[in-house]
Amino acid sequence: MTTLSSKAPSPSSPALLLDEGVDSVTQVIVHPLVFLHVLDHHTRRQEASGRVIGTLLGRRDGKTVEVTSCFAVPHAERGDEVAIGKDFNKQMLALHVRANRKEVLVGWYASAAQGEDGTDTDLIADTSSLIHEFYAGESDEGDPIHLVVDTRLVEDSISVRVFRSTPVMVQGEPMANLFHELRLTLESTEPETLALFQMNTADQAEEKSAEEPLLVSMGKLLQLLETASTYVDSVVEGKVKPDAEIGRKVADTLATVPRIRPEVFDKLFNDSLQDLLMVTYLSNITRTQLSIAEKLNASLGV
Amino acid sequence: MSAALIEPEGRISEVEIEGLALMKIVKHCHDSLPSMVTGSLLGLTQDNGVLEVTHSFPNPDTGKDDDIDEEFQIEMMRMLREVNVDNTCIGWYQSMYLGIYSTTSVLESQFSYQTDMSPNAVVLLYDPIQTAHGNFCMKAFRLTEECLKMKEAAQNSFIKPSNIFEELPVKCTNPGLAKAMMLDWAPKSDITLDRLDLSTHPYLEKHLEFLCGWVDELAGEQQKFQYYTRHLARGSNKTKAGWESSEAPKRMESLLVTNQIRNYCDQMEKFTGGGLGKLFLAGGLHKEERATSAAASGN
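For the record, the sequence lines run as chains Z and Y. First residue of the first sequence: 1, per the numbering used here; consecutive thereafter. First residue of the second sequence: 1, per the numbering used here; consecutive thereafter.
Calculated directly from the structure, the hints in this document are not laboratory data. This one's a predicted model, so the numbers in the text were calculated from it and none came from an experiment. It cannot be assumed that every hint is accurate.
Claimed, not checked - Chain Y side only, calculated, beta carbon under 10 Å to chain Z, not exhaustive:
1) MET23
2) CYS29
3) VAL50
4) THR54
5) PHE57
6) VAL85
7) THR88
8) TYR101
9) LEU125
10) ILE164
11) VAL215
12) PHE271
13) GLY283
14) HIS286
Just so it is clear, CB atoms sit at the ideal spot from N, CA and C, and this is done for glycine as well.
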């Protein structure tokens with residue numbers, strides 16, 4: 001029977017030992033609400049501070065972390081020192097959990113710092129390790145994720161990165177933290193997508209008149225059908241090389257139109273038509289009735 | 001009570017809501033389906049008659065009294081103050097089930113907000129069910145001056161139902177950074193095509209069901225009036241005093257119900273109009289198919 005004994009690390013062991021646990025996070029899903037919040041917080045920051053931090057809330061499913069909401073935490077940084085509002089964090093977390101019981105602390109976010117003289121700074125500052133350790137203590141699993149939103153505006157886009165930290169061991173002693181990047185996906189539920197769409201078009205819709213939304217949808221459908229049909233025509237005439245993939249997709253789409261016998265379809269059509277007309281008639285009657293009732297009510301008791 | 005701490009401001013005419021607050025409301029309402037929820041709005045009034053909503057937070061779901069809510073609100077606002085969020089509570093929001101908003105509870109809450117907080121307080125109503133059908137539905141309401149005067153005087157008089165609530169246009173804005181990010185992260189799936197869904201039945205059925213319920217309630221209110229009138233006729237008091245007495249049935253209830261029914265009719269009509277269009281569109285597609293299949297079978 002052999003016994004396993006822990007040996008002291010030999011001098012030839014590598015300095016870098018990445019401690020990969022079984023349950024380590026590999027993927028992060030974020031909702032758009034979180035981004036908007038981070039940007040808003042960054043815009044509202046105090047004059048002196050370069051960046052802002054806050055707590056991320058969400059759910060953890062084994063290897064995936066889903067971040068659904070967040071809140072801001074006041075903090076102050078000076079050189080290598082960091083002060084975080086710990087009590088604030090605790091209180092806000094308690095308040096938030098009262099409104100939404102399913103969320104837990106999964107990590108923290110930070111916006112990118114602006115250098116004091118306008119010098120470029122990295123996305124992860126030296127103080128990030130300290131903040132990360134604080135959050136590691138607060139979260140249940142001890143493995144929080146770190147989200148960075150690049151607000152330095154040096155590139156053309158506002159990029160978002162998410163990191164995970166592992167301690168770097170040298171001879172069994174943690175010397176530093178290594179942040180490595182994880183895969184980030186932006187996911188939004190259907191109503192959130194609608195809200196985003198609303199926001200996007202709100203700016204452009206100022207010039208356009210308020211078109212009937214249904215008209216817009218139908219126009220769009222017509223456009224799509226026309227594009228598909230011109231493509232198919234040009235392939236048939238030999239102008240464009242046929243692509244089997246697209247051909248199959250077009251065939252699939254056309255097949256989704258259900259094949260109903262004309263009589264059955266007519267019956268369906270007429271039934272629906274009758275229903276809609278009846279409802280319109282009913283609502284008109286009800287409205288007329290209401291106006292009469294109003295007039296009577298107005299004269300009552302006066 | 002309502003001390004004049006706030007400078008008398010002009011009446012606002014428009015509501016601008018920031019993307020952040022909007023998303024938070026949407027998320028909260030959808031997460032809590034099928035129950036209805038409320039929350040508070042924070043923001044600022046601007047001089048040009050625009051009410052800016054910059055932040056919102058949900059109220060915890062208790063089933064109980066409002067004392068806990070007050071404490072929660074104050075605490076939340078204090079904490080948000082530390083991170084430089086606008087600290088003025090300028091209204092509240094509520095999710096509504098398929099367009100129901102004209103109820104006594106909404107009226108009372110809005111009245112207390114408009115007298116205690118500011119005459120410009122609004123209630124934002126968001127309809128998660130309609131949004132699921134493809135129409136993003138968020139409306140801002142407040143009580144009209146006429147209605148306020150009547151409530152303050154505690155009279156039992158008549159007011160035209162459509163003049164109880166006043167709707168304000170809602171615009172969605174975004175600060176610069178957010179706009180920049182939105183251009184990058186624009187939603188991939190195009191939702192304009194979701195509106196072309198043909199299933200009209202469940203929507204209409206629900207509406208008609210609710211309409212029946214409301215009409216029943218209206219009938220009940222009318223009964224109350226009838227009984228009271230008969231009671232007055234039998235008694236000896238003068239008609240005027242009879243109606244002002246505290247035993248008279250409250251008119252506001254029936255007026256609210258009337259307003260709600262009218263609202264429903266409007267909604268249904270809008271929907272059926274669209275439904276007819278979609279039906280003819282589907283008919284058109286099938287006619288084409290019939291023509292081509294006839295031609296194919298003919299050849």
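Any hints from earlier that this structure breaks? Give me their numbers in increasing order, please. Hints 3, 7, 8, 9, 10 are the ones this structure does not satisfy, whereas the remaining hints hold.
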